Amino acid sequence: MRNLRPHSNPWRDKFMTVDTLHTLVSGAIWRAEQLDDLGLDTLSAWCDVSRLEEEIAKNLPVKEAEGCIARRGAVRAALKAQDYIRAHDLVKGYITEPNAPASLCTELNNMMKVDTNGLAEEFPFAMKHHNPNEFQTEVNWFQEAGPFGLAVGV
Amino acid sequence: MKKSKSSSNGQPKPQFLTGSEVIDLSRLCDMHPRLPVDMAVLMVMRASLGLQRNKHTPGITIQLTNNRAALSHVLIWPQTDDKIAVQHDYNRITEDGAEAIALAMAHKNRVWRVVRRMQREEHADWLMEYTDNGVRKLVAFELSGVDKGSIVSRVNEKLGQVAESVYVNYRWVGVVGFEKPEATLQSVEGQIHDS
Numbered sequence: 001m002r003n004l005r006p007h008s009n010p011w012r013d014k015f016m017t018v019d020t021l022h023t024l025v026s027g028a029i030w031r032a033e034q035l036d037d038l039g040l041d042t043l044s045a046w047c048d049v050s051r052l053e054e055e056i057a058k059n060l061p062v063k064e065a066e067g068c069i070a071r072r073g074a075v076r077a078a079l080k081a082q083d084y085i086r087a088h089d090l091v092k093g094y095i096t097e098p099n100a101p102a103s104l105c106t107e108l109n110n111m112m113k114v115d116t117n118g119l120a121e122e123f124p125f126a127m128k129h130h131n132p133n134e135f136q137t138e139v140n141w142f143q144e145a146g147p148f149g150l151a152v153g154v
Numbered sequence: 001m002k003k004s005k006s007s008s009n010g011q012p013k014p015q016f017l018t019g020s021e022v023i024d025l026s027r028l029c030d031m032h033p034r035l036p037v038d039m040a041v042l043m044v045m046r047a048s049l050g051l052q053r054n055k056h057t058p059g060i061t062i063q064l065t066n067n068r069a070a071l072s073h074v075l076i077w078p079q080t081d082d083k084i085a086v087q088h089d090y091n092r093i094t095e096d097g098a099e100a101i102a103l104a105m106a107h108k109n110r111v112w113r114v115v116r117r118m119q120r121e122e123h124a125d126w127l128m129e130y131t132d133n134g135v136r137k138l139v140a141f142e143l144s145g146v147d148k149g150s151i152v153s154r155v156n157e158k159l160g161q162v163a164e165s166v167y168v169n170y171r172w173v174g175v176v177g178f179e180k181p182e183a184t185l186q187s188v189e190g191q192i193h194d195s
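Note that the protein sequences, when read in sequence, are chains W and B.
The numbers in this note's numbering rise by one with no breaks, and the one at position 29 of the first sequence is 29.
The numbers in this note's numbering rise by one with no breaks, and the one at position 159 of the second sequence is 159.
Read the hints as simulated data drawn from the structure, not as lab findings.
Note that this is a predicted model, so its numbers are computed, not measured.
A virtual CB, placed ideally from N, CA and C, is assigned to each residue, including glycine.
If a hint is listed, it holds; no wrong ones were tucked in.
Quick list of simulated restraints, FRET-style, between CB atoms:
| # | chain 1 | residue 1 | chain 2 | residue 2 | range |
| --- | --- | --- | --- | --- | --- |
| 1 | W | E121 | B | V22 | 53 to 63 Å |
| 2 | W | E134 | B | D82 | 48 to 58 Å |
| 3 | W | L38 | B | K83 | 15 to 25 Å |
| 4 | W | E138 | B | D81 | 50 to 60 Å |
| 5 | W | N110 | B | V111 | 33 to 43 Å |
| 6 | B | N54 | W | K128 | 52 to 62 Å |
Only some residues are given here: those of chain B computed to face chain W with a beta carbon under 7 Å:
| # | residue |
| --- | --- |
| 7 | R34 |
| 8 | P36 |
| 9 | M39 |
| 10 | V115 |
| 11 | R116 |
| 12 | R117 |
| 13 | L138 |
| 14 | Y167 |
Input sequences plus hints: build the corresponding full structure.
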């Protein structure tokens, strides 16, 4: 997976409990929803939610209800943060986990399908020539390097 | 409420509220240790604004329907200056205030605790837990508030919503009406369970 855990933090690894993560994700979801209601930019807020959900998922087995909820939450929040590559990587990891329930795999794949359909409606020409992953890579490259960088990259 | 008894000098003793009847919103974080403190403070503040704009004062009796059983509680809260209501969205006062009251009532009446907030697409606001004969149970808890008027249609609407929640043992709704005030805690039909 790419950039899912960029920095190791010994303090976090030692003391961050699932309870603490649950408290943090509750606050993060609440803030993101309040920003959504106000019509403000929520991409970074949902990115925070996705990372916290992912941390919870790492600590809870997929066969537990809270583990399933966290995995769905990590993917859904990544899509809300418009980070398709991250969402795709998370789904790839979760559906190949041992003991992953078939219903969870179906739901995760459905989430990606719905999001891809949304992209196809919004960017019909680009999606005709690229798969969602390639499309997102191009968008990320454009955002980081600007149009000149994109031209050089091509 | 304890019955007032006459003291030795024949004067009636003052009435005291017993702990089981009183719901103190300022203790929301004690009831739900996993609730973020900043969030709880804001929710309780919005609950007080919602109650006060309906002309209620701390110590009012709130009627509760707990899965068809009628109860009443005395509700107390830290009073908030009504002038700061302009800093808060009108609907958020109703919704977040209702969440504070319903979470407190769920703890008092069903001994539930917050596990975490859930994203909207999970069809419930909160994941709650309780222990039944040593076995941990999970509850999807969908909450809503009504500023004016009846809460009946909102309860039915929310029951339909939370019924779609998965991976939990039980599905419940909590709806608070600020006008009366009143509240309902109701399980989805077929999932009724007395903890």
